Amino acid sequence: VCDIASIPSPAIEPDIDVDSENILLEYFKKEKNIVDIVKDKSKEPFRIKHDIYIKKKKLAWRRTVETHDEESIKMTTNSILSRFTGIINNFRRQQRDYNLSYFYEILRLIEEEVTSASTEESYTFTSRYKIDLSLYLFQRASENFKEMHREFKRASDPVNYLE
1 VCDIASIPSP AIEPDIDVDS ENILLEYFKK EKNIVDIVKD KSKEPFRIKH
51 DIYIKKKKLA WRRTVETHDE ESIKMTTNSI LSRFTGIINN FRRQQRDYNL
101 SYFYEILRLI EEEVTSASTE ESYTFTSRYK IDLSLYLFQR ASENFKEMHR
151 EFKRASDPVN YLE
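Under the UniProt record's numbering, the first residue of the sequence shown carries the number 1, and numbering increases by one thereafter.
Derived from the structure by calculation, the hints contain no laboratory data. Hints may contain errors.
To be verified - So the derived label-pair ranges between C-beta atoms look like this:
#, residue 1, residue 2, range
1, Arg150, Glu66, 44 to 52 Å
2, Ser127, Arg93, 26 to 34 Å
3, Gln95, Ser42, 26 to 34 Å
4, Lys74, Arg154, 16 to 24 Å
5, Asp17, Thr115, 41 to 49 Å
6, Ser156, Ile52, 39 to 47 Å
7, Arg154, His50, 39 to 47 Å
8, Leu25, Pro158, 30 to 38 Å
9, Asp15, His50, 32 to 40 Å
10, Ser127, Ser101, 35 to 43 Å
11, His50, Ser82, 17 to 25 Å
12, Ser79, Asp51, 16 to 24 Å
Said to hold, decoys possible - In silico EDC-like pairs for lysine to aspartate or glutamate, Cα to Cα no more than 16 Å straight-line:
#, residue 1, residue 2
13, Lys49, Glu66
14, Lys41, Asp19
15, Lys39, Glu21
16, Lys43, Glu66
17, Lys43, Asp132
18, Lys39, Glu13
19, Lys41, Glu21
20, Lys74, Glu113
21, Lys146, Glu66
The structure presented is a predicted model; accordingly, all values stated were derived computationally and were not measured. The beta-carbon is built from N, C-alpha and C at its ideal position, and this holds for glycine as well.
Based on the sequences and whatever the hints tell you, model everything.
The structure is reproduced here in structure tokens:
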């Protein structure tokens, strides 16, 4: 046990925050000011800002967001948040180590929900909605992924098995 415990671990620790940032920058690279937006991420909960996140379709004769649209927007956002929580819980249940592909799964989820909602309604979500929601979810995911990585390392440490 002492021999194994004294051998330094050659494993390189993942930098989950850097992975998160790089994936967002790559995914939204065509967006204006994306570097500033990602660097200026806040820890505030995600809130729907209709004037920034919603664009009425041209065929809609009213430019304001109607009550039923507000409800639909809220339902879409809640669905994304709920599915996100399910994905994170599923990753944790599997008791595997962090993998940067988990971030891509979150982006896919957002894209699916936004695309699905936008085809059925009189509005579309702007790219800023996707960016801000992705930032918010990536921050939450990063904390979970860090904890998952610590738990995996602890569970996989051979010293724990040999003592």
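Structure-based check of all given hints:
1. Arg150 x Glu66: 44 to 52 Å: With Cβ atoms ~47 Å apart, the hint holds.
2. Ser127 x Arg93: 26 to 34 Å: Given range 26 to 34 Å: holds, Cβ gap about 33 Å.
3. Gln95 x Ser42: 26 to 34 Å: 32 Å, holds
4. Lys74 x Arg154: 16 to 24 Å: Distance hint for Lys74, Arg154 is violated at roughly 39 Å.
5. Asp17 x Thr115: 41 to 49 Å: Violated, at about 28 Å.
6. Ser156 x Ile52: 39 to 47 Å: With a Cβ separation near 44 Å, Ser156 and Ile52 satisfy 39 to 47 Å, so the hint holds.
7. Arg154 x His50: 39 to 47 Å: At roughly 45 Å between Cβ atoms, His50 and Arg154 fall inside 39 to 47 Å, so the hint holds.
8. Leu25 x Pro158: 30 to 38 Å: The hinted range 30 to 38 Å holds for Leu25 and Pro158, with Cβ atoms some 37 Å apart.
9. Asp15 x His50: 32 to 40 Å: Holds, at about 36 Å.
10. Ser127 x Ser101: 35 to 43 Å: Violated, at about 23 Å.
11. His50 x Ser82: 17 to 25 Å: 21 Å, holds
12. Ser79 x Asp51: 16 to 24 Å: The hinted range 16 to 24 Å holds for Ser79 and Asp51, with Cβ atoms some 22 Å apart.
13. Lys49 x Glu66: Given pair Lys49, Glu66 holds - Cα atoms ~14 Å apart, limit 16 Å.
14. Lys41 x Asp19: Holds: Lys41 and Asp19 sit about 15 Å apart, inside 16 Å.
15. Lys39 x Glu21: The given pair, whose Cα atoms are some 8 Å apart, holds under the 16 Å limit.
16. Lys43 x Glu66: Status violated; Cα separation ~29 Å.
17. Lys43 x Asp132: Given that 16 Å is the threshold and the Cα spacing comes to 11 Å, the pair holds.
18. Lys39 x Glu13: Violated, at about 22 Å.
19. Lys41 x Glu21: 10 Å, holds
20. Lys74 x Glu113: 12 Å, holds
21. Lys146 x Glu66: 41 Å, violated
Of the hints listed earlier, those the structure fails to meet are numbers 4, 5, 10, 16, 18 and 21, in rising order.
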